[in-house]
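Sequences listed follow chains L and W, in order.
For what it's worth, our numbering labels the leading residue of the first sequence as 1, then goes sequentially.
For what it's worth, our numbering labels the leading residue of the second sequence as 1, then goes sequentially.
Be careful, since some hints might not be right.
Identical chains blur together in the list; that is why a pair holds if it fits in one copy or across any two.
In silico lysine to aspartate or glutamate, EDC-like type, Cα no more than 16 Å apart, as pairs [stated by the list, open to error]: (1) Lys381 - Asp408; (2) Lys433 - Glu275; (3) Lys267 - Glu103; (4) Lys220 - Asp289; (5) Lys60 - Glu410.
Hints were generated in silico from the structure; no laboratory data involved.
There are 2 protein chains.
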Amino acid sequence: MNKNEIRYFPLGGAGEIGRNMHVFSLEDRYLIVDCGVQFPDNSMLGVDYIIPDMQILQGKEDKIVGVVITHGHEDHIGGLSYLFDIVENVPIYATPLTAGLIEVKLMRAGKLSKTKINVIAAGDVLELGPFQIETFHMTHSIPDCIGLAISTPHGYIVMSGDYKLDPTPIDNWPSDYSKLAQLGEKGVLALFSDSTNAERPGMTPSERDIDEAFEEVFAKTTGRIIISSFASLISRLQQVATIAIKNERKICIVGTSMVDNVALAKKLGYLDMPESEIVSLEEALKLPDHKVLILCTGSQGEPTSILGRLSTGKYYAFSINPGDTVLLSSSPIPGNEEQISNVINRLYRMGANVIYNSVLSIHVSGHACQEEMKMLVNFLKPKYIIPTHGELRHLHQHARLMKQMGYDDEHVLVIENGQSLIIADGKVLLGDKVPATMVLVDGTNVGDMDMDIMYQRERLSENGVVVVSLVFDKKHHGLIQEPVIVHYGLMAGKEIPEVEGELSRQVIEYCAKKNNMESNNIQKNIEQLVRKFFYNATRRSPWVIVNPLYV
Amino acid sequence: MNKNEIRYFPLGGAGEIGRNMHVFSLEDRYLIVDCGVQFPDNSMLGVDYIIPDMQILQGKEDKIVGVVITHGHEDHIGGLSYLFDIVENVPIYATPLTAGLIEVKLMRAGKLSKTKINVIAAGDVLELGPFQIETFHMTHSIPDCIGLAISTPHGYIVMSGDYKLDPTPIDNWPSDYSKLAQLGEKGVLALFSDSTNAERPGMTPSERDIDEAFEEVFAKTTGRIIISSFASLISRLQQVATIAIKNERKICIVGTSMVDNVALAKKLGYLDMPESEIVSLEEALKLPDHKVLILCTGSQGEPTSILGRLSTGKYYAFSINPGDTVLLSSSPIPGNEEQISNVINRLYRMGANVIYNSVLSIHVSGHACQEEMKMLVNFLKPKYIIPTHGELRHLHQHARLMKQMGYDDEHVLVIENGQSLIIADGKVLLGDKVPATMVLVDGTNVGDMDMDIMYQRERLSENGVVVVSLVFDKKHHGLIQEPVIVHYGLMAGKEIPEVEGELSRQVIEYCAKKNNMESNNIQKNIEQLVRKFFYNATRRSPWVIVNPLYV
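Just chain L, with the same shape it has in the complex (with noise of 0.2 Å):
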């Protein structure tokens, strides 16, 4: 093994669902960069998201030199708590916002004092063990979001962290490109780059495009206004607050995430936004409505968001009026489609008009479309691209273009979590394979949900559960009394005690047969009548529970 390899490992369950951890190790060290959970999807049932699968680090916490976080959303810091449960004691490296929005997260989950949070800022080099880290600002649709550019002796690692190219961010901040251009000029190695919008031709536009939509919204409206948005887009409540206060109407912050947001990002000098200008909810419902806007979260029509319980009526504070205008600024993650239209639908019914991006230009993404990625590489001339973030699709697509600009196979390397990759003397090769499995996380456990839970509960939604009890004499083998049957999700009308009677007389009529009793198999195979009767009756496969008790 070369002294200088440097071995790389993406992390983050199964390939189609997203990178959210990244390890690479030299000499025996290992540095860790970000560590983000991934929201499942609607196959998922009950699961309240995936952690990147990180048994590869376990035992290894006096080799890991620390973890840098290139920003502060959900997919890139959410597994920090996980982390913390297997290893002790790693520093974590972040840009003053990303740092703040940390310290919540792991103060809530009572993991605060098992690592240190250093606060670092976008141009940093940071000396961690073997590794030599060079810090860069980017532009993304949260501030203070850096790239990374680790040094090799044939030339940088760059990570371009989520990006896009925006020339007229809100908070003025545009992307280093000066450093962008040095790095580009000393020789890049390899990029791992954002693939989220490889699919989308052309530039994404600025957070700045959208701020004439607002205007047009504020000048036109005389009722309330309710926008709502990420908790995490500071520059968008930026944006908003200011014409707000332009347009003489005062701030109201509802939802506990963005209430919390507002005053990190304020108290960290990332948001403008005079105390004056802000109103409680309290106050908010007593102004003359075009004196009002109230900014909360549900943006994706999260049923237990502010905004989703405005949508059925639910939010014991206040209620959607005809005449409200309600601004959805944001587009839906993948997946999120169906609950946001339900929410849009429900509040048209509600009397409310309601703003979102198909009808009026009012949000724009924060990744790089695909004429920034070839500018990426413009600037960066990596010798190797390494596809990153964004499902297989994307990665894909991303290595499509990559080709476009003359790169070959071997040189765009299109790899699933678990696929290492070898980088030594000049070139990036594929290594082992290491885990890679999708840990879901339901409620306070982790890792005792697995693919049969998953396959079970999708059984019990689609046809509901059957349950038969069935008590039984242990001498004479006899059914002592009738079979109890209890059934949910399974079927509702007026057919079902005629339909019980009749099973309940197949069961009886079974267990009568004497040779039947004696069979070993009695349990299978009443599951077994059971699950034909139903399907012979109703055409539906329900989860048969078949308990005989013998006493």
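Given the coordinates of chain L, assemble chain W onto it according to the supplied hints.
For chain W alone, kept in the frame of chain L given last:
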């Protein structure tokens, strides 16, 4: 009541999920236009489809003059077999391809004898009881579509049907502009107009526009080409077949619905695909890769479709090989985004080159966009507009567009299903509400699904189910044996025996207290104990079933 008063009843379940059936009444006679199904969203666990609430037709079979079908898509014909459970001997009127598709459908459901299918041609005038109906050709994504114009003394009631204004349709049969202009000249009282794409600006591209992209793929590809699309998208099948023949590839059609539709469309002259160019799958697999085009279903990622099974390696007849090029010539129906994305990711993983609409224009919508909607209004100059088809958000957006054209609230009526209209004296006014609940179909039994059952399935799907069986002594009230605990979809892992043991101990302890045993609520109390236990142990809330048996 005015003798000439026409009433209109929009049917199809809750307003946000589409309008699949229209009923008009005049002089106590009823005319039905279309009778389709809607597909459930992801939250409707285990539901196969949703049919319109037809109870207003119950007992009226002698008064129904006929069902006129505008085109052969499932959301316009899929409810017919349920209609004939309620009313018999009601004739159907449809153009040849539509009639053919209906015949197959009713034959399979064993309902063909309950109606008479009358084949009509676009341009025909139907006299059905008091209704005089003029039909006219419209372009859409299936051949042989018609719009309808019902005469009234105060102008026509026009139904656009699903349409786009395609200037170069594959069958070279554009919409009947001259008829539309004539209707506009004579006077249109009310237009019921397709709203599906009301959020999309511009014009929908022509079906012909995607030829170029297909030509490009065929020219560049040396491996097998596998194209999946909607089985009903006859024009797409024609396009692809024409290009395949030109490129000397034999055509292989896989999947029952596609095979059936091709046979029907060929027989009726809607598809020009010489027998000599078609091969069986067996033959196709023996041909060199560059000589093969396989057409199959599954463009919505349905797990049981051919493409769905190919993507999981579960199709018995053949497998995806590296070098295969797979085209998904379709766009996601809302709610299917995730499962389509999963299919694309899996095909990539198998080494296929995957091409879909976001990377190359190989699909266009069959519905009119904003400029076409406006153009239709320019032709027809209706006094009233009733946005139809699409979710509530699309109806409202359609109304917004019409307001840009000078219509006011009184003349653009956004109504939900069940909200009837009164069309009399040259006016359209809101009438009574009639029942329009969602009728959910799961398996064969109709009507025995309700929202409670949906709720139970949702609960079961989130955290699984726990069944605790208890056998008590009838006389002495004591537990005779240890509780039997089974659970599914709740948890996996090695802590299970420990967790179960602890629960068992707590139940025994509870039952041991004499006053507990005599409580009437013993079942409820133990259920609560079990729920609390699992919440504390795992933060999960399974569905709990406690079965006390007394012997």
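To see whether the hints hold, each was checked on the structure:
1. Lys381 - Asp408: within (14 Å within a copy, 58 Å between copies)
2. Lys433 - Glu275: For Lys433 and Glu275, the Cα distance exceeds 16 Å both inside one copy (53 Å) and across copies (49 Å).
3. Lys267 - Glu103: within (14 Å within a copy, 70 Å between copies)
4. Lys220 - Asp289: within (13 Å within a copy, 61 Å between copies)
5. Lys60 - Glu410: Classified as neither; 32 Å inside a copy, 72 Å across copies.
Checked against the numbered hints above, the structure violates hints 2 and 5; every other hint is satisfied.
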